Amino acid sequence: MGVRTWIDSWPVYRQLTGTDPLGRGAAAKSGRSERLTPRVASADHVVKSVCPYCAVGCGQNVYVEDGKVTQIEGDPDSPISRGRLCPKGSASLQLTTGDAREHEVLYRRPYGTEWERLDLDTAMDMIADRVVAARRAGWQWEVDEARTRRTLGIASLGGATLDNEENYLIKKLFTALGAIQIENQARV
Amino acid sequence: MAECHPVGFQWVMEAKARGAKVIHVDPRFTRTSALADVHVPLRAGSDIAFLGGIINHVLQNEKYFRDYVVAYTNAPMILREDFRDTEDLDGVFSGLDPDNRRYDNASWQYEGMEVQAASGERDLEYDKRTTGGGSETEAARGEAHGSGGADIGEGEPERDDTLTHPRCVFQVLKRHYARYTPEAVEQICGVPQDLFRQVCELVTDNSGRERTTAFAYAVGWTQHTVGVQYIRAASVLQSLLGNMGRPGGGILALRGHASIQGSTDIPTLFNLLPGYIPMPHAHKGEGLDEFVQGEAARKGYWGNMRTYLVSLLKAYWGDAATAENDFCFDYLPRLTGSHSAYETAMAQLEGVCKGYFVFGENPAVGNANAKLMRLGMANLDWMVVRDFSLIETATWWKDGPEIETGEMRTEDIGTEVFFLPAAAHTEKDGSFTNTQRMLQWHHKAVEPPGQARSDLWFTYHLGRIIREKLAGSTDPMDAPVLDVTWDYPLKGELAEPDAESVLAEINGRAADGSPLSSYEQLQADGSTACGCWIYCGVYADGVNQSARRRPGTEQNWVAGEWAWAWPANRRILYNRASADPDGKPWSERKALVWWDADEGKWVGHDVPDFKPTKAPDYEPPPDATAAEALSGTDPFIMQADGKAWLYVPSGLTDGPLPTHYEPQDSPFDNLLYPQQRNPVRQLLARHPDNRYQPSGTEPGSDVFPYVATTYRLTEHHTAGGMSRWLPYLAELQPEFFCEISPELAAERGLEHTGWATIVSARGVVEARVLVTDRMAPLTVQGRTLHQVGLPYHWGPNGYSTGDAANELLHLSLDPNTHIQEAKAFAVDIRPGRRPRGPASVRLVREYRARAGIDENTGTEP
Chain X
1 MGVRTWIDSW PVYRQLTGTD PLGRGAAAKS GRSERLTPRV ASADHVVKSV
51 CPYCAVGCGQ NVYVEDGKVT QIEGDPDSPI SRGRLCPKGS ASLQLTTGDA
101 REHEVLYRRP YGTEWERLDL DTAMDMIADR VVAARRAGWQ WEVDEARTRR
151 TLGIASLGGA TLDNEENYLI KKLFTALGAI QIENQARV
Chain H
1001 MAECHPVGFQ WVMEAKARGA KVIHVDPRFT RTSALADVHV PLRAGSDIAF
1051 LGGIINHVLQ NEKYFRDYVV AYTNAPMILR EDFRDTEDLD GVFSGLDPDN
1101 RRYDNASWQY EGMEVQAASG ERDLEYDKRT TGGGSETEAA RGEAHGSGGA
1151 DIGEGEPERD DTLTHPRCVF QVLKRHYARY TPEAVEQICG VPQDLFRQVC
1201 ELVTDNSGRE RTTAFAYAVG WTQHTVGVQY IRAASVLQSL LGNMGRPGGG
1251 ILALRGHASI QGSTDIPTLF NLLPGYIPMP HAHKGEGLDE FVQGEAARKG
1301 YWGNMRTYLV SLLKAYWGDA ATAENDFCFD YLPRLTGSHS AYETAMAQLE
1351 GVCKGYFVFG ENPAVGNANA KLMRLGMANL DWMVVRDFSL IETATWWKDG
1401 PEIETGEMRT EDIGTEVFFL PAAAHTEKDG SFTNTQRMLQ WHHKAVEPPG
1451 QARSDLWFTY HLGRIIREKL AGSTDPMDAP VLDVTWDYPL KGELAEPDAE
1501 SVLAEINGRA ADGSPLSSYE QLQADGSTAC GCWIYCGVYA DGVNQSARRR
1551 PGTEQNWVAG EWAWAWPANR RILYNRASAD PDGKPWSERK ALVWWDADEG
1601 KWVGHDVPDF KPTKAPDYEP PPDATAAEAL SGTDPFIMQA DGKAWLYVPS
1651 GLTDGPLPTH YEPQDSPFDN LLYPQQRNPV RQLLARHPDN RYQPSGTEPG
1701 SDVFPYVATT YRLTEHHTAG GMSRWLPYLA ELQPEFFCEI SPELAAERGL
1751 EHTGWATIVS ARGVVEARVL VTDRMAPLTV QGRTLHQVGL PYHWGPNGYS
1801 TGDAANELLH LSLDPNTHIQ EAKAFAVDIR PGRRPRGPAS VRLVREYRAR
1851 AGIDENTGTE P
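So the protein sequences, as listed, match chains X and H.
With the first letter of the first sequence counted as 1, position 13 gets the number 13 in our numbering; the numbers rise by one all the way through.
With the first letter of the second sequence counted as 1, position 281 gets the number 1281 in our numbering; the numbers rise by one all the way through.
Keep in mind that the hints are not guaranteed to be accurate.
As the list claims (entries may be wrong) - EDC-like, lysine to aspartate or glutamate: derived pairs with alpha carbons at most 20 angstroms apart:
{"no.": "1", "chain 1": "H", "residue 1": "K1284", "chain 2": "X", "residue 2": "E142"}
{"no.": "2", "chain 1": "H", "residue 1": "K1174", "chain 2": "H", "residue 2": "D1088"}
{"no.": "3", "chain 1": "H", "residue 1": "K1469", "chain 2": "X", "residue 2": "D129"}
Said to hold, decoys possible - These stretches of chain X come out as covered by chain H in the derived footprint (C-beta under 8 angstroms, 3 or more residues):
{"no.": "4", "region": "51 to 62"}
{"no.": "5", "region": "144 to 153"}
{"no.": "6", "region": "156 to 167"}
The hints are simulated quantities; they were obtained by calculation from the structure and are not laboratory data.
Computed from a predicted structure; not experimentally measured.
Ideal Cβ placement from N, Cα and C applies to all residues, glycine included.
Let's have the full structure, built from the sequences with the hints guiding it.
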């Protein structure tokens, strides 16, 4: 460090000689904060997204570095939100990367007292078997002599937090299976 | 709005900065009230009386926008002679069948109209077959008109443009609301007359040719036994004032989930198919033609229902759907009444429903009467819960309230539970539809962790595996599953279905496979396929229009090049009404779209919500049907007469005009009519854990003297599944609390930051006490009323914990929508924590005994 740099690093000197006589900005800045960069600056790329909470639909910029989401901020381009996010939207980094998220399939057998681990493929196969059986057990070709071609054996709840494409496939699959008890948060 | 839609509220503040007056009507003083010009605290559950009072003010003082009302509403239509209003029948309308708790709406029709034979005959047939089930009431048919479209039958209604005929809608309306005086509003709502008159003047002074007023609401209006009629009351008012289809006007539903609008448009709902096509009901010998004849309107865009439905069936069943087999119409399962979320819980309790999927919802604490939901789940063979964290719906068998009270033992519960971790929005491509009907695409940023997968992945692969297991089956039961089109391109190592290919199917394809650009291109002959007709155009030119992100700062105020709104990227619905009958804007400062005679088409700032080349002077030929039958002055193009409805002749189950009824559980008698409650409200099975309370002057009503209401906080989301596990949000709102006034605290010995126990006939919860002036006592019917505020985000799991307010709620539902009455009920509150173990159940039983409650209490029509 040269003498000049050393003197410049002294806040009072900068305050007396620089553009910040009240010592509220540049003069008071430490070397450490000078060298700090926002975590979004080193992101590999920014992905355009939408806040997953309420239905205002605020724009989000998702910052990705080394294959991980490092920050989520409001998208200033959005004519809906103009870059703002509320406390929930601002916390969506914790929602998506927080340690309270489960990453593995869990299974509770009938009358069981604890969770067990289950492989995803095994779980999918077991669920498919149960759908086929419950669908058949609850099947009604007719009710009071009118054709119904349906099952009351299986039901589904949820969709308002999902994508349109997901809702579309759920309704399509369950309708093809003959299930009618398909519902979501719009009802509650 | 500042609490629950804070970023949307910035536009209210922008308007205020430009001179708008902001009125906040809410039992509580919130962040919204703090920023409003006027805060009006009122009794929860009394809004129809309040809005009816404003309607009466508008009619009595001739404050309506007469030119708009005559041209664009059904005010001039003349009603049948046999129609009887609540004025004539002590608070009910003609056609009431009290035994079956339903209305026959034949007498509500316009004079000169004949209900279509097929429709009448069909429903008659249906009623004979269902033994007292009440199909219209229980099947959410009213809600099927989420995009307009109730049929009004054949013929042209008689009208009187002078609005003086005693049986015209305008005069009926005037008589109906005459008793909604400022004095009545004060007595029922607890709103002083001066304050009420101030609101009336602010609203009427700011409506008309030069100015418009907007109403914004959320579930504070929908979650009532008369929820739809709340919204209808606002519709009547806004139509009278000429505030519909115009910039700065409208009735804005502030919806609470990222894609709750999308999951209504592309419904994961029992009573609807995509695009608000009703699910068919079981009727003998009903094919596609009979269904369309029964459901489609003759006039307006719902006249094209066959086109929309055939295109949907082609999207579902592809080549298997042919003209010869009615395009697989028979593959659609049939309804026999209501199969809503609450009936599903009942079906679980009865052992009919054995398997349950829960996608990103938390009914174990988030649904009304949460205990009944858990009891239903405990009676299942198996359930699948897909979420981020171990929400209460996944763990009730281990640590739910019934385990604590000893009502259930884990070892006795046979339900098999699969918990499958879900992918976050950052881990998948897809679109959300926001509260403005705007589809916005979110792009995948990273792969989901571990075994987490998108619901698209789950649903696609579940279908794939089921189809593999059923392959080769000749059982006709399996044909719809094996014939369904299920061939989406898969991407990446996880074999994720391509979400854009699903969006393309939703958008629709022409016979040659090219993407459609407008629902006007759809055909009824099976040559087009379209998964949701109102979304047609979102993939126009093979481009994902929902992913458009031209910055707002580079566009005009409509910002039409940001994302895509249904229908046809129109941002303000029914905007033909922003121009006068001649096609000129009602005023320059409120211009939105207008008729350009030189160009021969509608032009303007927004995409016109009208056929672009239909001139204002267009008169349809007498034999025209569907959209062709709309004249050049029919702006409400989804309606069967092209008009805004001040009065609803068809499509609602509980009356043509909003009428004040008391909530299911209310400390007050209905001051306006002898009829206490909505006579056709939907009561679910008489389960011991779903008891109703005495009301008003009935004996025992005083056991539950306080009105309670539930709501959300800024820092949490719904039943907490996406917020109680986040450290930041848990720190901001760490536990369940109740809000009460200093006066109530003194009356019941409750201490700020201490504990309170809150009891209803269904359950008991404990909450920290927040004593605050924000909950002001009101004077209702001459006595002081205290209200208890209950945010409902909690359950025992996560970082921020507490009892679920939904334990207190009953299942008494709006008969149109099957939505529970969470926003106005009656409770008792006392100091201290609730009892633990079996004593907790005993306390609720003691309360029921003290109030004299049995299975019949509160169930009279």
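Ascending list of hint numbers which this structure does not respect: none
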